[in-house]
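Assemble the complex: chain A is given as a structure, and chain B must be docked to it using the hints.
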Amino acid sequence: MIEVKGLKKAFGENDVLNGIDTVINKGEKVVVIGPSGSGKSTFLRCLNRLETPTGGSVVFEGTDITNLPEKQLNKIREKMGMVFQHFHLFPHLTIRKNLTLAPVKLKLMTKEEADKRADEMLKKVGLFDKADSYPDMLSGGQKQRIAIARALVMRPDVMLFDEPTSALDPEMVGEVLALMKQLAEEGMTMVVVTHEMGFAREVASRVIFIDEGVIAEENTPEEFFGNPKSPRLKEFLSKVL
Amino acid sequence: MDSFLDKLYDTFIFEDRWKYLVNGLKTTLIITVFAVMIGMVLGFLVAIIRATHDRTGRFKIMNLICKLYLTVIRGTPVMVQLLIIYYVIFASVRIDKVFVGILAFGINSGAYVAEIVRSGIMSIDKGQFEAGASLGLNYSKTMKHIILPQAFKNVLPALANECIVLLKETSVAGYIALEDLTKGGDIIRSITYEPFLPLLAVAIVYLVIVVGLSALVGKLERRLKKSDRG
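In order, the protein sequence lines correspond to chains A and B. FYI, the numbering for the first sequence is 0 to 240, going by numbering that gives the first Met the number 0. FYI, the numbering for the second sequence is 0 to 229, going by numbering that gives the first Met the number 0.
Any given hint might turn out to be false.
Listed next, with one range per pair, are the computed distances between beta-carbon atoms [stated by the list, open to error]: (1) K122/A to M36/B: 55 to 61 Å; (2) P230/A to K66/B: 54 to 60 Å; (3) E184/A to T55/B: 46 to 52 Å; (4) S118/B to S138/A: 51 to 57 Å.
Taking lysine-lysine and the DSBU-like style, the derived pairs with C-alpha atoms no more than 35 Å apart in a straight line are [as the list claims (entries may be wrong)]: (5) K115/A to K152/B; (6) K125/B to K106/A; (7) K140/B to K25/A; (8) K140/B to K152/B.
Worth flagging that the hints you see were computed from the coordinates, not collected in a lab. We treat Cβ as the ideally placed atom computed from N, Cα and C, and that holds for glycine.
Extracted from the complex, chain A is given alone in its bound form (with noise of 0.2 Å):
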């Protein structure tokens, strides 16, 4: 589904991913972890072009979204769903409205069949009842719930996830990864950059450990935490668990 090739970026004079190769392959759960500064984010984020990539590629279901123009690239987009640390809900918009805005303004749907699917989603991420509250009035767990329903509103083939839940209060953590769990148990493909070892460890079919822009480790968690082999993932496991 989406292949990464030789994938590098800098920004400046700063080499932050140094060619990275992987296959995130349909209904998988790619779990990426690494220290801070890793370059697990930015990984995440040239996967969508929300940063463009220096050099390598990345091809999204036999598209080369590398270079490809914008008008191409945002259809691509509604493909990929992406959550974020800080939620980024649309303040001024209520929470269906949130969920309705893309389908809507993108006439994928109109505004009954986007009004439905909102409503759909938001009972599968059990807030229907906030349908017409603006996000300020959620407690962050909601918020990003809502995030989350707001990204399967437009039925992705993928969902990204960059660190959905390290800006959560730790009471509030517990409610989004059951989400994503139930989401990985429904066949969701998804790759997720988060510290939640715990999640990785339950849920992902795959662990990708990056240090200084390189993938130093890749395994099935089992062995990725059970037998760890490069010194530096041994000595981050160590830190972490």
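Same frame as chain A, now just chain B:
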């Protein structure tokens, strides 16, 4: 007391002199309303071009033109601009003075509106652009449906203030012999040689409009605040 009533009669009633004020007020309001419209359209356009250039690098030449416009308009007094537009640009054309006033004050206000709106756009978190992009919305749709409504709300008090300033600034329109509210009061003064009452009346009319406008904006702000309840 009698002499005061006499003065009052002389200033406003005799020979229908109050009409100078009413007609002047009409002209002032017409100039203000249309100048605000021109200013808003021009200001939003310039702000969007400038903000888009700063964020994406597009519109290089347009951005330069906008910068020149802002520098010239904000660097010279509105009265000088009004005089130049009337006596230089439209020197050889017979043209309605009210139209000249609308144009001059509109172009002037646009520069201030542009900087207000641009600051509003810049105040919106970059994440809002990214959220729009991640949903497949292009730059202009993101701007229109996500960024501008929030930016507009943030700068509404400043924009309203700009309208109020504009209303008061039109009082220099008399310099091209435009009979606005201020000029109306001044004409009465020149007829009666009694400055206090007509000028006080003029001041009160401006004050009432400004206070009314401020109250209206306060109401609108409270309505927009609905989405901010914590």
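Point to revise | Assessment of proposed distance window 51 to 57 Å (beta carbons of S118/B, S138/A) | key: Since the Cβ atoms of S118/B and S138/A sit about 31 Å apart, the hinted range of 51 to 57 Å is violated.
**Study point:** 46 to 52 Å as the expected CB spacing between T55/B and E184/A, which holds or is violated
**Key:** Given about 40 Å between the Cβ atoms, the range is violated.
Check your understanding: Is the Cα-Cα distance between K140/B and K152/B 35 Å or less?
Key -> Holds. K140/B to K152/B sits at ~18 Å (cutoff 35 Å).
Practice item. For the pair supplied as a hint, K125/B and K106/A, confirm whether the alpha-carbon distance does not exceed 35 Å. Key: Holds, at about 25 Å.
Review point. Is the distance from the Cβ of K122/A to the Cβ of M36/B consistent with 55 to 61 Å?
Key: violated (45 Å)
Check your understanding: P230/A and K66/B, beta-carbon distance inside 54 to 60 Å?
Key -> holds (55 Å)
**Study point:** Straight-line alpha-carbon gap K140/B to K25/A, limit 35 Å
**Key:** holds (30 Å)
Exercise for review: For the pair supplied as a hint, K115/A and K152/B, confirm whether the alpha-carbon distance does not exceed 35 Å.
Suggested key: holds (29 Å)
Checked against the numbered hints listed earlier, the structure breaks hints 1, 3, 4; every other hint is satisfied.
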